[in-house]
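> Keeping their order, the protein sequence lines are chains A and B.
Numbering-wise, my numbering puts 148 at position 148 of the first sequence, and it's gapless, one number per residue.
Numbering-wise, my numbering puts 48 at position 48 of the second sequence, and it's gapless, one number per residue.
These are computed hints drawn from the structure, not numbers from a lab.
Don't take every hint at face value.
[Claimed, not checked] Chain A stretches covered by chain B per the calculated footprint, using a threshold of three residues with CB under 8 Å from any CB of chain B:
{"hint": "1", "segment": "173-182"}
{"hint": "2", "segment": "206-216"}
[What the hints assert, rightly or not] Away from chain A, derived, C-beta distances all over 10 Å, residues of chain B:
{"hint": "3", "residue": "A11"}
{"hint": "4", "residue": "I16"}
{"hint": "5", "residue": "V23"}
{"hint": "6", "residue": "N27"}
{"hint": "7", "residue": "F29"}
{"hint": "8", "residue": "N31"}
{"hint": "9", "residue": "R38"}
{"hint": "10", "residue": "L62"}
Note that the structure is predicted; figures quoted are calculated from it, not measured.
Backbone N, C-alpha and C fix where the C-beta goes; we use that ideal spot for every residue, glycine too.
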Amino acid sequence: MEQFQIHEWIPLHLGRLNLSFTNSAFWMLVAVACATLLMLNMGRARELVPGRWQALAESLYDFVAGMVRDNVGDGGKPYFPFIFSLFLFVMFANLLGMVPLAFASTSHIVVTFALALFIFVGVTVIGFAHHGLHFLSFFVPQGVPAWLMPIMVPIEVVSYFVRPVSLSVRLFANVLAGHVILKLFAGFIISLGALFSLLGVLPLAAVVVFTGFEIFIALLQAYVFTILTCLYLNDALNMAH
Amino acid sequence: MDPAIGKYIGAGLAAIALAGAGVGIGNIFGNFLNGAFRNPAVADQLFGRAMLGFALAEATGLFGLLVSILLLFVL
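Only chain A is shown next, with the shape it has when bound in the complex (with noise of 0.2 Å):
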C-alpha cells in the first residue's frame, strides 16, 4: 500500500497549513502539462489531412464538444472549455497512474472528491442563476400524487446531495482497487515463480492482461466523470424533471 504513500518533495509549512509540493501535485501537474502539450502544439496544425498528432487533438475535440451538444444542447457551449480540460485532467491523471513508479493522483478520495464538489456547487449556482428559486422545484417531480409527496421529496433532495460523493468515489474506487489488485498479483509473481518454479507465468499473464484492462477503465472512467458532468450541468439549465 505504500504506493499511495504523499511523499512531500518542497516542504512549505506555513503555520499549521501545509502547503508543501508533493509527488501528488507533481504528477497532476504532469497531467495538465501533458494536456497542454497536446492541445497547444500538437493541435496547431492547421493542414487539412491531419497528420497523427493533429487528428488526434482534433478527434478528442470531437469526441467531448459532441458529448456537450447531446447531452446540454446548445445552452451548454459557454461550459464546453471546462468540461474539456476536466476530460483531458482526468484522462490524463487515470494514464498518468498506470506508468510504472509513477503516482495516481486520481487514487486519493480528496483529489476526486475536490473535483466532484466544485462540479457540484458549480452546477447547483448554475441552476440558481438560471432559474431563480424556480429552482427548487427540481426536487418535485411532475405527475406524482400529492400525498407522496413528504416521500418523494427528501428522496430527491438526498439523491441530490449524494451526487458529488458517487461521483468521485466511482473514480477513486476504481484506480484504487486497480492499482491494489495490479500490486497483488505482481507480489504472487515473486512467491509462486521463486527459484526453480515455472509457475510464476501465471500471475505474470494476469499482470498483464489486468494493466491493459486498467488502462482501458482509466479513459473510461474519464468518459464517465465527463459525462456524468454534462448530465449534471443539464439537469441545471433545462430542468427535465
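We have chain A; now place chain B onto it with these hints.
For chain B alone, coordinates are given in the frame of chain A:
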C-alpha cells in the same frame, strides 16, 4: 473477542456487495448484446450508453469495496 476481529469479519462481509455489481454488469451487457444483435446499425451508439451503464453499476459495487478497504486500512 478482540475488536480487531470484528474489523476483518466486517471487511469480508462488505466485499459481498461486489456480487451485486457482477449481476448488474452482466445484465447491462446482456441487454446491450440483445439490442446490438437486433439492430446492428446503431450498435456504436448503444455501446456508448452501455459503457455509461457499466460504470454506474460498477460504482455501486465499488461502494461496498470502499467500505471494506476503509475497515481494513483506515479504521
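> Next, verify each hint and record whether it holds.
Hint-by-hint comparison with the structure:
Chain B is given as covering the segment 173-182 of chain A, and this holds because 5 residues of the stretch bring a CB closer than 8 Å to a CB of that chain, at least three being needed. Counting residues of the segment 206-216 of chain A whose beta carbon lies closer than 8 Å to any beta carbon of chain B gives 0, which falls short of the minimum of three for the stated coverage. Residue-level check passed: A11/B sits 13 Å from the nearest beta carbon of chain A, beyond 10 Å. The Cβ of I16/B lies farther than 10 Å from every Cβ of chain A, with a closest approach of about 15 Å, so its non-interface assignment holds.
The claim that V23/B is not at the interface with chain A holds, since no C-beta of that chain comes within 10 Å of its own (minimum 18 Å). With a least CB separation of 18 Å from chain A, N27/B remains clear of the 10 Å interface cut-off, as annotated. Listed as a non-interface residue, F29/B keeps its Cβ farther than 10 Å from every Cβ of chain A; the least gap is roughly 13 Å. With a least CB separation of 18 Å from chain A, N31/B remains clear of the 10 Å interface cut-off, as annotated.
With 10 Å as the threshold on Cβ separation, the claim that R38/B sits away from chain A holds: the shortest Cβ distance comes to roughly 23 Å. Once the 10 Å rule is applied to beta carbons, L62/B is inconsistent with being away from chain A; the minimum gap is 4 Å.
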